[in-house]
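As a plain string of letters, each chain reads:
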Amino acid sequence: MSDSSQRPLLEVRDLRVEFPTRRGTLVAVDTISFDIHEGEVLGVVGESGAGKSLTGSAVIGLLEPPGRIAGGEIRLNGRRIDNLAYREMRRVRGREIGMVFQDPLTSLNPLYTVGRQLVETIQTHTDLSEEQARKRAIDLLAEVGIPAPERRVDQYPHQFSGGMRQRVVIALALCVNPKLVIADEPTTALDVSIQAQIIKLLKKLCSEHGAAVMLITHDMGVIAETADRVAVMYAGRIAEVGPVKDVVQNAKHPYTHGLMGSIPMIGHDTEKLTQIEGSMPRLTEIPSGCAFNPRCPHAFDRCRVERPELLRVEQSRVACWLFDQGARRAAE
Amino acid sequence: MFAFIIQRLFQAVLVMLVVAFVSFALFQFVGDPVNNMVGQDATEAQREALRERLGLNDPVPLQFLNFVTNAAQFEFGLSYRLGIPVEEIVAQRLPATIELVLVSAVIALLVGVPMGVYTGLNRHSPLSKVFLTVSLIGISLPTFLIGILLILVFGVWLAWLPTFGRSGTVDLGWWETSFLTVQGWRSLILPGITLALFQLTLIMRLVRAEMLEVLRTDYIKFARARGLSNRAINFGHALKNTLVPVITIIGLQIGSLLAFSIITETVFAWPGMGLLIIQAIQFADIPVMSSYLVLIALFFVLINLIVDLLYYVVDPRLRIERGGAH
Amino acid sequence: MAEMAREPVDPHAPPQLTFGRKLADGWNRFLDSDVFYSFKRSPLIIGAFVVTVILLLGAFLAPWVAPHDTMDLASLNLMDAFRPPVWEAGGDARFLLGTDDQGRDVLSGIMFGMQASLIIGFASVVLAAAFGTVLGLFSGYVGGRVDSVIMRIADIQLTFPAILIALLVDGIVGSVLPRQTAEELTYPVLIVAIASSLWVNFARTVRGSTLVEKSREYVQAAKVIGIHPVLIMVRHVLPNVMGPVLVIATLSLALAILTEATLSFLGVGIPSSEPSLGTLIRIGQEYLFSGEWWMTIFPGVALVVLVLAVNLLGDWLRDALNPKLR
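Residue numbers (the working numbering), protein chains in the order written: chain A, 1 to 332; chain B, 1 to 326; chain C, 1 to 326.
The following block holds chain A by itself, in its conformation from the complex:
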């Protein structure tokens, strides 16, 4: 898919996000690395608390204190952005990285018209005049599928339905053509009937605007339909990352396997519907070795002691010792 000779749009290396608490430091995102290439859709899945949203917030520099980046680096187009001064980071936000939040009902300021919020964002990042910005705002509203945009532009958020508001939020995220859009559970708060529309719209617009997407969700169905590649997160770590087809149809990590078991696939020769015993550990109680080992049906001694690195398996990279042996055996 992506040329390895080409530098990725976003490079995350050994990112650590910590929360200092009085009972010691909680490591919410534990030394993770991944790339996003230009125009690519990377799905990030995991249960709530797996650290996927925090990863998104860390990339755009909006971790809420006391959470902080404690290690690693984040590069956008080769430029380090995790240590930028507030002023410089502000120019990255919106201009180079757009963001779509979960709840469209609370993402928009209720006291300003939709148009005003679009215009102020456009004018913050461009030299367009008020009129030009307004014209662009109307075009954007039309583009995200809002009927009668000339009229709607002067309306307030509460005059839009949930789905329509999320369209406005998408317009806001894309209004100055960022290279990357981070969409954090963009459909979770919406009616089931319009979730698919919004996802489809997001994907279409991002590809038209040439933006890569980091799609954070717990919904494997959405990932399967939308993403080019998938990163599966568990307890603050990446369990498996690879092309969507491999991860969904040929999951390697036992956790991913279990996760896939929880969505029945139509037309796929179904194995038994598996379910993972137990639940994800709390941040205070992450076991040593592989975080998944207490729940893993295949766990052996090494899993309890040594944390697995991401190992290359076919097109994917998997953090599981099962594949270390496999790789060695193949080499012999």
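Careful, some of the hints might be misleading.
Once the Cα atoms are required to be at most 20 Å apart in a straight line, the calculated SDA-like pairs of lysine to any residue come out as [stated by the list, open to error]: (1) B:Lys129 / C:Trp316; (2) B:Lys129 / C:Arg318; (3) B:Lys221 / A:Arg282; (4) B:Lys221 / A:Arg68; (5) B:Lys240 / A:His158; (6) C:Lys214 / C:Pro244; (7) B:Lys221 / A:Tyr112.
Source of the hints: derived by calculation from the structure; they are not laboratory data.
The hints should help you fit chains B and C onto chain A, whose structure is shown.
For chains B and C alone, coordinates are given in the frame of chain A:
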């Protein structure tokens, strides 16, 4: 919106009726008004005549109706203590209180709101910590003690400012004002500050709390994610959203100023409504008490109505007729 | 009996054991809790706690620990009147903080006065909490029209400042009762007046919690198995609202003490003949201009320190019990 205003008006009338009933009941329960109006040696016939003339022999609902009619024209009869019509006393006292409250409200708002915004935006700055600590002492300092301290320092020790009464007023015929002479302003300074101080600290703390609340919302986070400047976020988005609850607070605080003026006026012997009501309570001067009840209820009802109306100006969710999806 | 004793399991022993362990567990959990942790970490709060305890002890042990019995008129000597504090010229070692116009020891006066202020404060908070909790439970449980009427009244009352409500209730009740009875009932009337200005916050909090619990399955289930749902709810709602009610009670105590002091200062609360912080300040104020500042400033300082300490504890408790704010 129209329905909302009608509903509020209806509620206001209801509150006024309840208050009127309480004041009416006061007259019913406390002694015999006739005794208070005629001499000891009045004959039974004279008393009966007066009773008839005052309508005291009418059925109670009719008496209440009369009371409400009179109250609406602000007629409460003669003060038991002073023997002159209540409306005259009130007309004489009201300007003093209103001017005092006005000065205090301006001080409290002009200082309290900016301090609240500052401490809300700069949570961890040393100056914010100073403001907060001072404000905690401020809300623990009762108004009368503030007054006493100011009198001690500026009146007794430094002897800079008058500490007693209201001097230098100019009579405009229907309104006696302190605003036109230096002496008038000087005598307003200490009571004005005394009354303002408590409200000032309260306004500051409430504005700060609202500011912090708004800064935690999703749309502020989203505004940051859009790369807006701090200025635009703080003063464009956050401040305007803070305004809605702050209007309520300010409305309530102006009501409080009216209540706390009772204390300030007692400390400074300021000849306003507050001093009047305290004396009325001590002497069980029912006509003055009931007129005060009605008047203060009217003020509160009006303030609340104005607050409700101001909401419409600020918040489009209320202003606009339900259009599109809700 | 012997057979009973030989029974392998004494029905009483194990529960006692678990009770003891429960107590120990509870204590350990408390020591380990966020509340205690935030207590340990804040010297200010520890200070406030210590000051509160000292003041409480000083006030309630006044008959034994106060240097003089200010209630004992025989011990007064007018020769001792108007003595300044020890460190001023003319001070007397017997009267640490000086004496008042009757030769009463100011320090002892403060201790006895604070006792009165605290009793009234505690009593009115307990009354308000009890009334508010019951009304909140009732309102939330019954729901519908009754609920909306009660809550509407609460809303309207909230727009009036507590001090005004207390003043008017006190004034009205005082006027309605015959003079003799009113004087005998000074304390109860004052307590009721202050409580009537404080109940709303309790009622609103308890109602909110009741509404949440009402919809829970176990309440529905209780109906099915024939236990009166009110009983079940009381058992479940009360533990849930303990925290918030404690916070409101603490902050209300500060407000109640202030209100009592203010009313007594205004001369409508406790009569001047009896000591309370408010009456001491009121009496002292008359001597401010002649230079005997200690008669009013020391009771004033005592009042502020007490209220400030209680307010600090209340503020801290609110933050400690509400992790969202941290």
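Legend entry - Numbered hints the structure breaks, given as an ascending list: 3
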